[in-house]
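**Q** Chain residues, written in single-letter form:
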Amino acid sequence: MGRPKKRKGLGKLRPQRKSKFEGKMGKAPGTVTYMGRREGGESIVNVFEYNGEVLHTYERTTIESVLAQKGDSYTTWVDIIGISDEAFIEQVGKGFGLNPLVLEDTVNTHQRPKIDEYEDYIFGVFKMLYIDGESQEIVCEHVALILLDNRVLVFQELEDDVFAGVRSRVRNKSGRIRSRGADYLFFALLDAIVDNYFVVLEHLNERIEHLEELVYANPTNEVAQEIQILKKEVLKVRRWISPVRELVSRLIDSEHPLISKDTKVFLRDVLDHSIEINESLQIYREMSMSLMEMYMSNMSNKMNEVMKVLTIMASIFIPLTFIAGIYGMNFDHMPELHWKYGYPMAWGFMILLFIALLIYFKRKKWL
Amino acid sequence: MGRPKKRKGLGKLRPQRKSKFEGKMGKAPGTVTYMGRREGGESIVNVFEYNGEVLHTYERTTIESVLAQKGDSYTTWVDIIGISDEAFIEQVGKGFGLNPLVLEDTVNTHQRPKIDEYEDYIFGVFKMLYIDGESQEIVCEHVALILLDNRVLVFQELEDDVFAGVRSRVRNKSGRIRSRGADYLFFALLDAIVDNYFVVLEHLNERIEHLEELVYANPTNEVAQEIQILKKEVLKVRRWISPVRELVSRLIDSEHPLISKDTKVFLRDVLDHSIEINESLQIYREMSMSLMEMYMSNMSNKMNEVMKVLTIMASIFIPLTFIAGIYGMNFDHMPELHWKYGYPMAWGFMILLFIALLIYFKRKKWL
Amino acid sequence: MGRPKKRKGLGKLRPQRKSKFEGKMGKAPGTVTYMGRREGGESIVNVFEYNGEVLHTYERTTIESVLAQKGDSYTTWVDIIGISDEAFIEQVGKGFGLNPLVLEDTVNTHQRPKIDEYEDYIFGVFKMLYIDGESQEIVCEHVALILLDNRVLVFQELEDDVFAGVRSRVRNKSGRIRSRGADYLFFALLDAIVDNYFVVLEHLNERIEHLEELVYANPTNEVAQEIQILKKEVLKVRRWISPVRELVSRLIDSEHPLISKDTKVFLRDVLDHSIEINESLQIYREMSMSLMEMYMSNMSNKMNEVMKVLTIMASIFIPLTFIAGIYGMNFDHMPELHWKYGYPMAWGFMILLFIALLIYFKRKKWL
Amino acid sequence: MGRPKKRKGLGKLRPQRKSKFEGKMGKAPGTVTYMGRREGGESIVNVFEYNGEVLHTYERTTIESVLAQKGDSYTTWVDIIGISDEAFIEQVGKGFGLNPLVLEDTVNTHQRPKIDEYEDYIFGVFKMLYIDGESQEIVCEHVALILLDNRVLVFQELEDDVFAGVRSRVRNKSGRIRSRGADYLFFALLDAIVDNYFVVLEHLNERIEHLEELVYANPTNEVAQEIQILKKEVLKVRRWISPVRELVSRLIDSEHPLISKDTKVFLRDVLDHSIEINESLQIYREMSMSLMEMYMSNMSNKMNEVMKVLTIMASIFIPLTFIAGIYGMNFDHMPELHWKYGYPMAWGFMILLFIALLIYFKRKKWL
Amino acid sequence: MGRPKKRKGLGKLRPQRKSKFEGKMGKAPGTVTYMGRREGGESIVNVFEYNGEVLHTYERTTIESVLAQKGDSYTTWVDIIGISDEAFIEQVGKGFGLNPLVLEDTVNTHQRPKIDEYEDYIFGVFKMLYIDGESQEIVCEHVALILLDNRVLVFQELEDDVFAGVRSRVRNKSGRIRSRGADYLFFALLDAIVDNYFVVLEHLNERIEHLEELVYANPTNEVAQEIQILKKEVLKVRRWISPVRELVSRLIDSEHPLISKDTKVFLRDVLDHSIEINESLQIYREMSMSLMEMYMSNMSNKMNEVMKVLTIMASIFIPLTFIAGIYGMNFDHMPELHWKYGYPMAWGFMILLFIALLIYFKRKKWL
Ligand SMILES: [Mg+2]
Ligand SMILES: [Mg+2]
Ligand SMILES: [Mg+2]
Ligand SMILES: [Mg+2]
Ligand SMILES: [Mg+2]
Ligand SMILES: [Mg+2]
Ligand SMILES: [Mg+2]
Ligand SMILES: [Mg+2]
Ligand SMILES: [Mg+2]
Ligand SMILES: [Mg+2]
Ligand SMILES: [Mg+2]
Ligand SMILES: [Mg+2]
Ligand SMILES: [Mg+2]
Ligand SMILES: [Mg+2]
Ligand SMILES: [Mg+2]
Ligand SMILES: [Mg+2]
Ligand SMILES: [Mg+2]
Ligand SMILES: [Mg+2]
Ligand SMILES: [Mg+2]
Ligand SMILES: [Mg+2]
Ligand SMILES: [Mg+2]
Ligand SMILES: [Mg+2]
Ligand SMILES: [Mg+2]
Ligand SMILES: [Mg+2]
Ligand SMILES: [Mg+2]
Ligand SMILES: [Mg+2]
Ligand SMILES: [Mg+2]
Ligand SMILES: [Mg+2]
Ligand SMILES: [Mg+2]
Ligand SMILES: [Mg+2]
Ligand SMILES: [Mg+2]
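Chains as they are written, first to last, in the UniProt record's numbering: chain A, 1 to 367; chain B, 1 to 367; chain C, 1 to 367; chain D, 1 to 367; chain E, 1 to 367.
Derived by calculation from the structure, the hints in this document are not laboratory data.
Careful, some of the hints might be misleading.
One copy or any two copies: either way a pair holds, since identical chains are not told apart in the list.
With a straight-line Cα cutoff of 30 Å, these simulated DSBU-like cross-link-like pairs (lysine-lysine) come out [unchecked claim]:
1) 340 x 236
2) 27 x 261
3) 173 x 27
4) 264 x 365
5) 94 x 114
6) 264 x 362
Computed from a predicted model, the values in this text were never measured in an experiment.
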């Protein structure tokens with residue numbers, strides 16, 4: 001492209017804004033820069049500390065106190081809500097000995113899903129998707145999971161999450177989760193994230209089915225617009241969700257000592273679900289393309305009907321008007337005008353013509 | 001997407017329902033939750049117990065009596081019909097020492113086809129597809145097959161199935177199936193499932209061919225709608241059927257001791273058929289896309305024809321009407337009106353014009 | 001899908017026929033069931049028995065006499081024409097010690113191309129394609145080739161085949177084929193089958209080029225229909241032909257003792273050709289899609305032309321008719337009507353308007 | 001194709017120009033031929049020479065003085081701006097012992113991104129993309145990076161580049177870059193190039209979103225043209241950017257001694273970003289295709305609306321005009337004309353017809 | 001398909017010609033059959049014999065004299081022009097000990113690009129593409145290269161070729177080519193072929209850009225036709241060019257003793273270029289598809305404009321004509337006719353209606 005000659009008259013069609021990436025450009029790698037839209041507010045730290053017998057719950061505690069407890073006899077779930085305070089994140093990172101690149105990706109809400117294995121920990125970035133109760137829109141929340149020796153760190157943007165079920169299982173003393181280690185907790189959180197994708201898929205599926213009915217019933221321009229919005233959302237959801245399949249599959253094949261063989265059996269179940277989700281997304285994509293096709297075909301149909309009405313009305317009445325025009329001429333010598341039955345004969349002829357044209361259109365199945 | 005600003009006026013285009021997955025969210029993995037629509041009713045247990053010489057048939061027996069008989073000299077086919085009673089399924093699972101994840105997938109009717117190898121058994125989930133005799137619709141029934149040492153467990157939702165042929169071969173003392181082990185029975189059931197896919201494919205093929213004729217003969221809006229329904233069904237059938245190819249291929253390559261080398265020769269035949277089925281589905285997909293294309297082209301054609309009629313009628317009679325209008329004017333001084341042959345000359349001129357336009361349209365091949 | 005609610009009014013759009021696969025369902029694997037449409041008639045057995053010096057030809061001999069001769073010093077080509085007599089095929093199978101699954105696929109005309117290696121023989125299924133002299137349609141004949149130690153069995157449906165060249169080379173004492181073994185004969189037959197695919201491709205290519213000319217010259221509805229038929233035939237031919245590439249490639253890599261290293265050099269030539277054929281089919285597919293696109297674009301063009309004629313005629317004569325209508329009004333006080341030159345002035349005004357509109361349409365390049 | 005017969009009348013549709021590649025044809029490989037459009041001007045050489053303690057900056061120095069300093073205790077960044085002087089480039093190449101093929105690709109601005117590993121150095125070609133401040137167009141600048149033992153050579157076409165951030169980090173004594181070797185500098189430059197791709201992607205994304213709004217608001221022909229330009233730019237940007245993913249991935253897997261294990265951790269971050277970029281480009285491609293689809297659907301809608309107005313106006317007034325025409329006839333015996341209330345009755349009838357047609361179109365939802 | 005029932009009325013849409021492959025059918029493999037269109041004429045043999053010091057040039061020599069000189073101290077380039085004389089080709093083949101399959105492919109101008117490694121030589125088939133100076137069409141010439149121990153045989157159809165640059169480098173005593181062996185010559189010829197593909201790509205690119213301008217300026221039916229021709233040419237060029245990438249890549253990985261390690265570095269440059277070429281072809285394909293899309297969108301636009309003119313003219317003048325019609329009625333009692341200002345009032349009303357309709361269409365942005 002080089003420096004392309006500007007096509008005239010098209011400049012006004014192009015937007016001119018500033019880049020949100022500008023702030024990140026040129027920084028050293030590992031620079032912790034929050035990229036999300038949920039600025040402000042302090043981070044909240046909630047902690048579960050449990051084993052088969054005991055459960056300690058610390059709500060809104062400080063990161064210092066978490067770092068102080070290094071009890072190896074517990075599994076600890078550290079839930080950090082709010083990741084816009086970059087200094088705080090760096091403090092956590094130093095406390096747990098995390099690589100700066102890990103911290104950068106923890107707060108980079110544009111980071112695609114990934115799992116990176118480090119010697120002492122496993123780092124995963126995922127997207128929690130859930131339907132906002134109020135707006136019924138799909139919310140996409142960036143979440144980072146870090147599996148350490150007997151701890152799992154969770155970094156999330158908002159207090160809402162999809163872990164309610166996991167929390168209640170942790171609170172239930174007799175649950176399997178209480179008797180297993182941090183890797184099972186890591187799995188359980190990942191499983192909760194993936195399970196929730198089904199809710200989002202169902203939401204998409206219902207919109208597709210609803211649009212399908214609308215396309216048949218009343219294909220307005222708004223319906224076409226909504227189909228395009230749907231297509232775009234399927235694209236975006238696919239982007240957030242589809243890498244998980246590959247990631248989980250690689251995690252199962254990995255030989256990292258932090259993941260036990262027992263937990264891999266459960267991860268295979270997550271893999272199963274991610275395969276299913278990817279297939280669904282592929283089908284939704286094809287279905288939304290079909291929707292647009294059906295919309296266009298219905299539009300053609302409607303146009304056809306409009307044209308038929310016009311053609312029938314015009315083809316019937318234009319010739320009749322011509323005949324009336326003939327006998328509206330003012331020639332001195334027009335014998336028909338003086339016939340006794342001229343007028344009824346004209347009517348008769350016009351009615352015959354009318355019927356003939358009706359039959360013609362009936363035969364063509366346009367009526 | 002984050003929390004997207006709501007586009008005004010589009011909210012009404014979106015459905016608002018509750019998720020059927022809500023019940024499953026947050027549960028521990030391995031929780032047995034029936035996801036199908038065939039609720040209620042007790043499970044039926046039918047058993048065939050056979051070897052080369054003897055065949056015992058137990059209809060509507062109990063699972064306890066099945067567990068009691070551990071005769072190693074027989075091959076046993078345990079057929080469990082109705083999987084909505086979760087407690088019962090868990091009882092069966094415990095009796096045969098099955099992993100909770102296996103039970104979960106056994107009753108999860110949304111589970112995609114899969115084969116999981118465990119140390120002591122092989123677990124497969126498939127979709128039985130058959131045409132309902134009454135509605136002529138494709139029925140999709142979830143079925144789970146479990147191959148144990150000398151037993152095959154079958155879990156299905158409804159009494160209807162595709163195993164009639166296998167049953168009659170089991171009853172026939174001299175058949176090959178009677179002299180072979182449980183792995184051959186497992187193969188025979190899988191083969192019956194896959195064989196039946198051909199019936200479903202043929203059903204789809206006939207619908208495609210029927211629609212093809214309709215598209216040429218009378219492309220109404222209903223035909224377009226039916227094409228879209230067909231496309232959607234091909235998509236869904238593909239989803240249920242296409243994983244089987246990969247699964248069988250992996251089963252043939254597996255070294256699980258429960259599958260003998262002899263049986264693998266037969267599995268290769270099943271593989272052959274699944275490849276063929278996948279190719280057919282691909283072709284059906286392309287053919288249904290062609291159908292829509294042909295429909296659109298026929299629509300264009302029809303529109304063209306409508307427009308030609310309108311254009312011909314209007315182009316001929318509007319100029320003629322204009323001429324009649326001329327001699328309907330009331331000017332004091334219009335010499336033509338007083339000519340002796342004014343009126344026939346006007347007619348003559350109009351007829352000439354009419355013929356000239358006819359020739360023009362004839363030349364354009366619009367007539 | 002489960003048991004879907006029937007959409008009203010669409011039932012009539014669906015065909016209701018019986019499955020041709022019904023007869024095969026539930027049968028044991030290896031059951032020999034002819035699936036083709038060339039029923040009846042006895043099978044014919046023709047035999048060539050040759051080595052570098054001698055050639056014995058047995059026309060319409062019996063299978064018993066073939067089995068009797070076990071002369072190891074000859075290469076034998078057993079050509080069996082007509083495969084609808086299932087008992088006869090089973091007899092041949094037993095005579096040569098073939099697996100029942102081989103026999104099943106030998107007569108299953110729906111079997112896709114395949115090569116299966118057994119310990120003592122190599123079994124291949126292919127589709128012979130040739131243009132029927134009379135109807136100029138593509139004929140697809142199912143053919144099975146079995147390479148035994150020093151024999152090749154050929155099973156075909158009809159007397160017509162693509163082996164005339166191979167036969168004449170066998171009859172020619174000095175040809176290379178006479179000095180080589182059964183594997184070279186197997187290659188020669190496969191080569192003849194693949195060589196003939198080029199004739200079929202050329203037939204398709206000519207139809208594409210012919211349709212291309214038609215689309216430019218006169219895009220009628222029949223042309224669109226013919227394009228769709230062509231697309232469907234390309235799809236079907238692709239299905240019959242395209243697996244050959246993979247099969248031959250695997251045969252070359254195989255280490256089966258019946259295929260000598262010398263013959264593999266020749267098989268590589270067949271592989272070359274199958275790659276070329278697959279590429280051609282891909283191109284034909286894209287070209288037939290282009291044809292439809294061009295057809296639609298020509299349709300749009302024609303519509304545009306029709307609309308221009310209508311618009312020009314209506315836009316010119318409707319205003320003129322209005323003016324004539326004005327002076328056809330019967331008001332008492334219309335001064336123009338009494339002007340001496342009122343009538344010619346009206347004409348003058350109408351002619352000016354006519355010319356102005358002509359210039360307008362000329363400028364728009366619609367004329 | 002061979003020598004194809006020229007289709008008449010199409011020749012004028014084909015351009016006839018001279019090839020810019022002509023100059024390169026037939027030359028020996030390794031011939032240094034500048035292919036870009038920024039001819040003329042001398043090359044500028046800027047040098048940074050640094051280690052953890054010291055930084056020497058040489059602006060607009062000569063290549064001879066660079067070659068003279070062979071201080072192994074420094075990392076040296078040699079930035080060569082302007083690559084159109086082929087003799088100069090060959091001099092540099094000889095000075096550093098580079099392969100002629102490397103030099104050829106260094107100045108061949110048509111070279112796609114590549115990384116070639118030589119024994120003593122690693123050679124990379126990339127495209128710097130940035131938005132020109134003035135024209136708001138995407139500028140594509142060819143850049144070659146050569147990693148030698150403790151030197152990095154950078155060849156670029158223009159003084160503008162995306163390395164401002166790297167330069168400021170080099171100037172900052174306490175930055176990580178100062179304490180690491182030439183391989184880290186090589187990474188930092190590559191990272192800067194890739195980071196800037198996000199700015200270009202965002203620019204494309206904004207244009208897509210802007211066009212989306214325009215398509216809904218006012219789908220003029222210019223908008224369609226702009227969509228096509230966008231599609232083309234996405235294609236071109238994809239070509240320049242997408243190979244980077246594969247290149248970086250291979251560099252990470254390479255065992256070249258010049259790349260340390262520490263630097264590979266950082267390269268993995270670049271890999272991450274290139275994956276993300278490729279996914280975005282794929283999505284932009286689909287979105288620009290959707291834009292065109294939406295444009296076409298809006299066009300259809302507009303046409304539909306135009307046709308409805310025409311149909312309603314014509315269908316209402318043509319019949320009314322016919323009635324008026326009837327009573328404009330001049331028959332001697334037309335009783336209605338002499339009725340006292342003939343005229344108001346005619347009006348009444350016409351008004352009734354008018355209302356009936358209005359209701360008809362209202363019912364059809366065309367009004 | 002079997003023997004399909006002939007659809008009536010479509011037969012005439014199908015061409016009936018004879019196959020050019022018929023001559024090849026049934027022949028033994030290795031039969032040398034020229035498939036090209038440049039029949040007749042004797043083959044010309046030109047020879048370069050050179051080493052670092054000496055160059056012998058033999059123009060229009062005989063093959064016998066070439067075979068006689070077996071000087072191992074020279075690299076020999078044997079250029080054979082004209083391959084339609086099958087006996088001559090077989091003579092050359094025997095002289096150099098070539099496999100009959102090699103000879104068959106040497107003269108089979110339908111052979112796709114390939115490289116086959118034999119024990120004593122490497123055999124390559126390629127397509128030389130160049131723009132014919134006169135017709136400005138792409139010429140495709142079949143060329144076979146055979147690399148023997150210290151000889152390269154070139155078989156080409158016509159005297160024109162793309163090797164002018166290589167010849168002049170051979171003549172130049174100090175060039176690198178003179179000091180290297182036959183494998184470098186083989187590379188140089190392949191490089192010349194591939195370099196010339198860029199000229200063909202540029203030719204295609206210019207046609208695309210030219211058509212782009214035409215599509216915006218004046219989308220006639222000829223433009224659509226030209227787009228389709230372009231699409232077809234891109235398809236064909238892709239077929240001729242795209243295999244080269246894979247072939248060169250395999251040649252680099254091969255361990256054939258005739259290709260030295262030094263020459264592989266140069267082959268990697270050819271590989272680079274073939275990758276680039278394949279990418280360009282992919283982009284050209286997408287761009288030609290975009291062209292057609294843009295054409296269709298412009299057609300829709302034009303139609304829209306036509307319809308707007310019609311709708312405006314008809315919607316304005318049909319109601320006005322109706323009003324004129326009203327006052328052209330001949331009722332005895334029509335008070336308005338006798339009003340003093342009836343006529344101007346009618347005009348006034350009609351002008352008001354005219355203005356109202358103009359404003360209405362202005363508001364709709366149709367004017
Ligand atoms: Mg360009
Ligand atoms: Mg950076
Ligand atoms: Mg980063
Ligand atoms: Mg949250
Ligand atoms: Mg789960
Ligand atoms: Mg599961
Ligand atoms: Mg956005
Ligand atoms: Mg769960
Ligand atoms: Mg599950
Ligand atoms: Mg059932
Ligand atoms: Mg079967
Ligand atoms: Mg079989
Ligand atoms: Mg399409
Ligand atoms: Mg069977
Ligand atoms: Mg079979
Ligand atoms: Mg036959
Ligand atoms: Mg052949
Ligand atoms: Mg060959
Ligand atoms: Mg051709
Ligand atoms: Mg070159
Ligand atoms: Mg180069
Ligand atoms: Mg620069
Ligand atoms: Mg970066
Ligand atoms: Mg990162
Ligand atoms: Mg059929
Ligand atoms: Mg042959
Ligand atoms: Mg050949
Ligand atoms: Mg030549
Ligand atoms: Mg080159
Ligand atoms: Mg190069
Ligand atoms: Mg398209």
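**Q** So which hints don't hold here, by number, going up?
**A** When the structure is compared with the hints, numbers 1, 4, 6 turn out to be violated.
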